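Engineer: So you can see what is in the structure, the chains are spelled out below.
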Amino acid sequence: DGGITQSPKYLFRKEGQNVTLSCEQNLNHDAMYWYRQDPGQGLRLIYYSQIVNDFQKGDIAEGYSVSREKKESFPLTVTSAQKNPTAFYLCASTLGLAGYNEQFFGPGTRLTVL
Amino acid sequence: AQSVTQPDIHITVSEGASLELRCNYSYGATPYLFWYVQSPGQGLQLLLKYFSGDTLVQGIKGFEAEFKRSQSSFNLRKPSVHWSDAAEYFCAVAAYSGGGADGLTFGKGTHLIIQP
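So the protein lines, in turn, are chains A and B. First residue of the first sequence? That's 1380 in the working numbering, and the numbers climb one at a time after it. First residue of the second sequence? That's 8 in the working numbering, and the numbers climb one at a time after it.
Isolated chain B (complex conformation) (with noise of 0.2 Å):
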């Protein structure tokens, strides 16, 4: 069965710091992979996603994320945070069949602290 670790539970960054949040899988075939946010008490909503092709994956925000085969990695990464990206991050990845997609399997996720 496939599983998603996010080894930090909380993260803090300064404004205007770099970001990494770790991200790692387990799963037999090619993975499809994500990462989604989440503000409290609110939906999950998409930042990117790797499938094939390109390792270093574009997201919306400003986010970017690194798929290392070898590592069984999938990263997720921002240059430079804002106040306004403090939120749960979850990585996750999509479990399929013959018969299609069979739902994901999400990470614990990752509170991330924006300090001022």
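So here's chain A without its partners, still in its complex pose (with noise of 0.2 Å):
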């Protein structure tokens, strides 16, 4: 079956240690995305890529950082430096690059730093 992954779907953290969030697609899709969810707050866009070995920062990509070494991975990596990090992470991705295609979402990592 055709879909994103993300794993793992609890992870807890210490503080100052950094921690690698997994998304991987197997849908063929050229863009990917990764949102933060807080309660009442929405998804907030962090970082997106439309290529291979590119990428964008989005509205809160402080303490954040990413990679696109391949079409179907985009890692995100949360940082000591990200001050407030406990949150649900969704990842997305959508087929080609017109603004009206469907982003598809995996089903979240919930991170909590103890």
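Keep in mind the hints are simulated off the structure, nothing from the lab. This one's a predicted model, so the numbers in the text were calculated from it and none came from an experiment. Honestly, I wouldn't trust all of these hints.
DSS-like, lysine-lysine: derived pairs with alpha carbons at most 25 Å apart [said to hold, decoys possible]:
#1 Lys1436(A) <-> Lys75(B)
#2 Lys115(B) <-> Lys1388(A)
#3 Lys1462(A) <-> Lys1393(A)
#4 Lys56(B) <-> Lys115(B)
#5 Lys56(B) <-> Lys68(B)
#6 Lys1449(A) <-> Lys1388(A)
#7 Lys1388(A) <-> Lys1462(A)
#8 Lys1462(A) <-> Lys115(B)
Assembling the complex is the task here: the two chains are given apart, and the hints tell you how they should meet.
Structural biologist: This is how it looks when you write it as structure tokens:
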């Protein structure tokens, strides 16, 4: 079955540690996105990538980093510079680069900083 | 910059009653608009989208939405809700540049509660 997988589903981190969230898609989609969701805040765009080896900052990129070495993979690293990392993180992808294309979402990773 | 406003944080509707969820957007060009639904702890599923043509858009699960440019609105409707419709609903607008889709801007969501 085609889709987007995110792992792990739950992640716990101690303050001061970097942690990497995985996002893989087998839909042959071109663009991939990372969003952060906080209660009552909707989703906010962290980073996105429209092509391999290229990515752009979204609205809240500070304290995060990404890479896009393969078309199907777009891992997100939450660094120790992110002041409030506890949140629900969602990865998405879209076929083509037209703005009207549907974004498909993964099931999410819930990150908790202890 | 684009923005989306969903004025209602929570809405309670009786099962079988009609539903309307409000969405207002701000965007300088022709907007691409979306409604997504999210069950607790899950990802988002697309209900419907508008990008051109007929301003009344039909979606999955019996939902529809009407794009009104003069009111900058894209309200979601359903004639008769079911208990399984209880979820979080998000309206979104697509930002795009010459290089392609730059991601979605979401509203803060409306939590729908269904009363038996």
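Engineer: Take the hints in turn and mark each one as holding or not.
Structural biologist: Against the structure, the hints:
no.: 1; hint: Lys1436(A) <-> Lys75(B); result: violated, 31 Å
no.: 2; hint: Lys115(B) <-> Lys1388(A); result: holds, 23 Å
no.: 3; hint: Lys1462(A) <-> Lys1393(A); result: holds, 12 Å
no.: 4; hint: Lys56(B) <-> Lys115(B); result: holds, 18 Å
no.: 5; hint: Lys56(B) <-> Lys68(B); result: holds, 14 Å
no.: 6; hint: Lys1449(A) <-> Lys1388(A); result: holds, 22 Å
no.: 7; hint: Lys1388(A) <-> Lys1462(A); result: holds, 21 Å
no.: 8; hint: Lys1462(A) <-> Lys115(B); result: holds, 22 Å
Consistency note: the structure conflicts with earlier hint 1 alone.
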